[in-house]
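**Student:** Using the sequences plus the hints, can you model the full thing?
The sequence shown lines up with residues 18 to 135 when you count with the numbering used here.
It should be emphasised that the hints constitute simulated quantities derived from the structure, not laboratory data.
Take the hints with a grain of salt, since some may be wrong.
Cut-off 27 Å, straight-line C-alpha distance, at most; resulting in silico cross-link-like pairs (DSS-like, lysine-lysine) [unchecked claim]:
{"no.": "1", "residue 1": "111", "residue 2": "97"}
{"no.": "2", "residue 1": "36", "residue 2": "111"}
{"no.": "3", "residue 1": "97", "residue 2": "58"}
{"no.": "4", "residue 1": "97", "residue 2": "36"}
{"no.": "5", "residue 1": "58", "residue 2": "111"}
{"no.": "6", "residue 1": "111", "residue 2": "45"}
{"no.": "7", "residue 1": "45", "residue 2": "24"}
{"no.": "8", "residue 1": "58", "residue 2": "45"}
{"no.": "9", "residue 1": "36", "residue 2": "24"}
{"no.": "10", "residue 1": "58", "residue 2": "24"}
{"no.": "11", "residue 1": "111", "residue 2": "24"}
{"no.": "12", "residue 1": "36", "residue 2": "58"}
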Amino acid sequence: MKTDLTKLSISYLDSFGFKANGSIFWVKAGLGLNIINIFFKNILNINISRDSLDLDPDDNCLNIVDVTHQFRQPNLYDIKNYQYTIETTNDFPKLHLVTFYGGATIAIICGELEIEEI
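**Tutor:** This is how it looks when you write it as structure tokens:
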């Protein structure tokens, strides 16, 4: 793993979305006064859960309190929300398993990631 997102002190997500027909998920993340784009490529699975249904229109960013990032072969628990039938994970290569925790939880499993400083 070239970049460990846990070492970047990500404090908020300004925006996020998909491109390349859903195979790339991107986030614009704040590191104090600096901003970076993170591109999650070759998405296997992504899950986004909000803290509540009360969406505040004045919130212009999503505060992040913790980030986990591992590069390993996923296990069956990791892919519990995967919509295809899997009986074993032996065929999966090592993948990035990243979770952002804050006002929402965003869990991503992808083949590679790229960071771009803005």
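**Student:** Going straight from one Cα to the other, do residue 58 and residue 111 come out at no more than 27 Å?
**Tutor:** Status holds; Cα separation ~14 Å.
**Student:** Checking one constraint from the list: CA of residue 111 to CA of residue 45, max 27 Å. Satisfied?
**Tutor:** The given pair, whose Cα atoms are some 25 Å apart, holds under the 27 Å limit.
**Student:** Are the Cα positions of residue 97 and residue 36 separated by 27 Å at most?
**Tutor:** It holds: about 24 Å lies between the C-alpha atoms, which stays within 27 Å.
**Student:** Please work out if residue 36 and residue 24 have their alpha carbons no farther apart than 27 Å.
**Tutor:** holds (26 Å)
**Student:** Would the hint linking residue 97 and residue 58 be met if the CA-CA limit is 27 Å?
**Tutor:** Judged against 27 Å, a Cα distance of about 20 Å means the pair holds.
**Student:** Given the hint that residue 111 pairs with residue 24, does the C-alpha gap stay at or below 27 Å?
**Tutor:** Between residue 111 and residue 24 the Cα gap is close to 20 Å, so the pair holds against 27 Å.
**Student:** Just to be careful, I want the Cα atoms of residue 36 and residue 58 compared with a cutoff of 27 Å; is the pair within it?
**Tutor:** Between residue 36 and residue 58 the Cα gap is close to 10 Å, so the pair holds against 27 Å.
**Student:** Is the Cα-Cα distance between residue 36 and residue 111 27 Å or less?
**Tutor:** Holds, at about 23 Å.
**Student:** Starting from residue 45, check that the Cα of residue 24 is at most 27 Å away, please.
**Tutor:** holds (17 Å)
**Student:** Hinted pair, alpha-carbon criterion (27 Å max): residue 111, residue 97. Please report holds or violated.
**Tutor:** Judged against 27 Å, a Cα distance of about 17 Å means the pair holds.
**Student:** With a cut-off of 27 Å on the C-alpha distance, tell me whether residue 58 and residue 24 pass.
**Tutor:** Since the Cα atoms of residue 58 and residue 24 sit roughly 20 Å apart, the hinted pair holds (cutoff 27 Å).
**Student:** Is the hinted pair residue 58 and residue 45 satisfied, with a Cα-Cα distance of at most 27 Å?
**Tutor:** The hint holds at about 15 Å.
In summary, this structure violates none of the numbered hints.
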